[in-house]
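Residue numbers (the working numbering), protein chains in the order written: chain A, 9 to 361; chain B, 9 to 361.
The set of hints was computed from the structure by calculation and includes no laboratory data. Accuracy of the hints is not assured; some may be wrong.
Heads up, the list lumps identical chains together, so a pair's fine if it works in one copy or across two of them.
Said to hold, decoys possible - For lysine-lysine, the following DSSO-like pairs were computed, each having C-alpha atoms within a straight-line distance of at most 30 angstroms:
hint, residue 1, residue 2
1, K147, K358
2, K20, K351
3, K319, K252
4, K351, K21
5, K359, K21
6, K21, K147
7, K147, K90
8, K358, K20
9, K359, K147
10, K351, K90
11, K252, K311
12, K147, K351
13, K21, K358
14, K359, K20
15, K319, K147
Number of protein chains: 2
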Amino acid sequence: MREGLNTMTRIKKRIAVLSPVAWRTPPRRYGAWETVASNITEGLVARGWDVTLFATGDSLTRASLHAVVDRGYEEDSTVDPKVTEYLHISEAFERAADFDLIHSHYDFMALTYTRLISTPVLTTIHGFSSPEIMRVYQKYRDGYFVSISDSDRAPGLNYLETVYNGIDLSLYPLQQSRGDDLIFLGRIHPDKGVHLAIEVARQSGWPLLIAGIIQDQTYFEEQVEPHLDDRRIRYIGPVDVPGKNELFSRARALLHLNTIPERFGLVLAEANAAGVPVIAMDLGSCREVIEDERTGFLVNNVKEAVQALQKLPEIDRTACREHVQQRFSIDTMVDGYERVYDKIFDQETKKRS
Amino acid sequence: MREGLNTMTRIKKRIAVLSPVAWRTPPRRYGAWETVASNITEGLVARGWDVTLFATGDSLTRASLHAVVDRGYEEDSTVDPKVTEYLHISEAFERAADFDLIHSHYDFMALTYTRLISTPVLTTIHGFSSPEIMRVYQKYRDGYFVSISDSDRAPGLNYLETVYNGIDLSLYPLQQSRGDDLIFLGRIHPDKGVHLAIEVARQSGWPLLIAGIIQDQTYFEEQVEPHLDDRRIRYIGPVDVPGKNELFSRARALLHLNTIPERFGLVLAEANAAGVPVIAMDLGSCREVIEDERTGFLVNNVKEAVQALQKLPEIDRTACREHVQQRFSIDTMVDGYERVYDKIFDQETKKRS
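Work out the full structure, taking the sequences as your base and the hints as a guide.
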């Protein structure tokens with residue numbers, strides 16, 4: 009990882025990264041917010057920043073780890089989510105004086121502590137989980153915000169920049185040759201359009217491998233399970249990083265036929281990094297992550313997705329990886345956040361002068 | 009209501025009362041925490057304190073009302089409890105500089121903001137809702153706490169005093185003559201021992217009137233509903249203040265056969281205020297609220313409760329009311345809180361000198 013431009017001047021800046029505590033940071037399997045918080049943390053450490061990571065006690069990091077809970081509440085049923093959230097978030101704010109900046113990945117809840125401290129707080133908005141939380145964002149709209157795609161922005165918030173999520177490309181090596189399967193990788197939930205991927209597989213006659221946690225059991229039972237036949241359409245459960253690479257090695261293309269606007273779509277970048285073309289619904293951020301006809305195809309329905317399958321040979325697998333290297337590497341992301349941090353330090357200096 | 013001893017010196021002290029937002033303050037029917045927060049608020053205002061009440065927008069108060077939500081989340085299904093709690097609690101702390109003291113009735117959550125402000129915070133602990141929340145109380149054990157009974161204390165917390173809940177005696181006039189029914193008034197929940205009250209009614213042959221919100225539907229269907237006969241044992245739903253008085257006017261005694269330690273037991277004081285004797289399980293605070301053989305009887309099981317029925321004529325109804333007037337009036341409670349506030353102001357002054 010290359011050195012930041014201003015390593016020498018930045019080395020004394022102390023950053024607190026407030027990660028969620030649903031899962032370990034980085035997560036074992038599922039956990040996009042924790043993945044990104046981890047990548048930012050490790051990227052900053054590599055460039056000489058003094059970073060404290062607030063995360064679960066079993067987290068893996070080269071930063072200083074500060075934990076109030078051993079394991080994530082999604083991984084340990086004895087952990088009370090509400091108690092843990094209040095303790096975890098407030099802990100970072102109680103230590104505010106130790107930091108030059110708190111970089112929060114903790115949704116709307118952390119905002120309610122921001123006006124009680126003088127340390128500036130940057131919030132990366134990983135998604136708006138419900139209309140109700142917009143009241144909180146509107147109240148704190150003058151804070152510092154980063155969007156993870158241009159499409160996932162709420163009006164009126166003080167966005168400093170869009171910083172795309174970065175992935176660790178070393179985890180997802182270019183697969184030397186293409187596989188034969190279509191793959192689906194993501195939460196089993198209607199939002200992710202597993203049923204549409206199945207429909208594409210049925211219409212094209214190509215095999216489909218489905219991987220991911222079941223977030224909506226009824227949806228799985230009603231719209232996924234009936235189509236599983238252990239041969240053409242298979243479900244293999246959640247996968248870790250080696251599991252993802254195994255999946256990518258068998259992939260002809262990733263089907264990502266989301267039914268609601270995607271906020272970023274980490275898996276699109278991961279697949280592309282491995283040289284796997286992506287057929288994605290043209291909703292939300294997909295057109296920011298996928299370059300149409302170069303790293304995959306943007307489609308509007310199942311019919312267009314089936315048609316796109318015929319054009320897969322046009323996609324250059326190494327071009328897919330290069331695209332990710334340029335736009336969605338950890339380095340590129342950390343460059344982005346260093347720019348944002350500098351903007352904040354400048355604005356804070358002006359406020360105080 | 010009499011004037012406080014130091015009204016002149018206190019008049020400039022500014023108190024924020026942070027009430028829950030589950031229900032209106034005061035609540036229409038059920039809502040013990042909101043009832044007590046309301047009684048404290050109005051009692052302080054009557055004595056000349058400058059009070060700001062943080063509560064739902066539909067709350068009724070002579071204090072300054074500050075609201076971030078129109079209606080309680082238990083009364084309006086469009087209100088998101090999590091969003092509302094974070095917005096409501098933090099709002100009081102953001103205005104900390106406007107107050108000499110924040111008096112929180114908002115459970116463990118509010119504690120997580122206390123170290124971010126310099127205004128002292130007093131927490132009245134209305135109950136420990138789960139073992140998990142003890143972690144938070146232990147972390148903030150050096151704060152200022154009031155218990156609502158000597159029995160409902162957790163070890164290690166910095167309790168300044170027990171201040172018994174006070175009720176507005178004008179709402180519950182002495183019923184001139186006793187009625188014929190046994191009454192149960194409280195949440196329909198196993199903790200409250202409705203099934204034991206029914207058993208007492210069955211064994212004694214005396215009629216029983218049951219009132220209160222159904223908090224445990226299965227319990228109601230399995231252990232209450234089968235015994236209802238519209239004649240000897242009846243359920244009349246939740247009741248407001250006039251409904252309670254109607255109930256007290258028909259009461260021979262209140263049966264309060266709780267199965268877990270009671271934390272305070274507002275309804276015991278309300279019944280006594282109306283001149284209704286109470287037969288209460290000797291668990292938790294009941295022996296602090298009921299004076300055995302003077303305002304009712306403390307029992308250990310159904311058999312003793314049935315035996316106690318025979319001794320009801322020994323109870324002097326006016327003595328019941330006098331007992332409440334002395335120990336559980338708003339005035340007595342506000343006296344207690346004024347003592348506690350003074351202790352806090354003294355300690356804060358010492359800290360700063």
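Please name the hints from earlier in the document that this structure breaks, with their numbers sorted from lowest to highest. Result: hints 10, 15 break, sorted rising.
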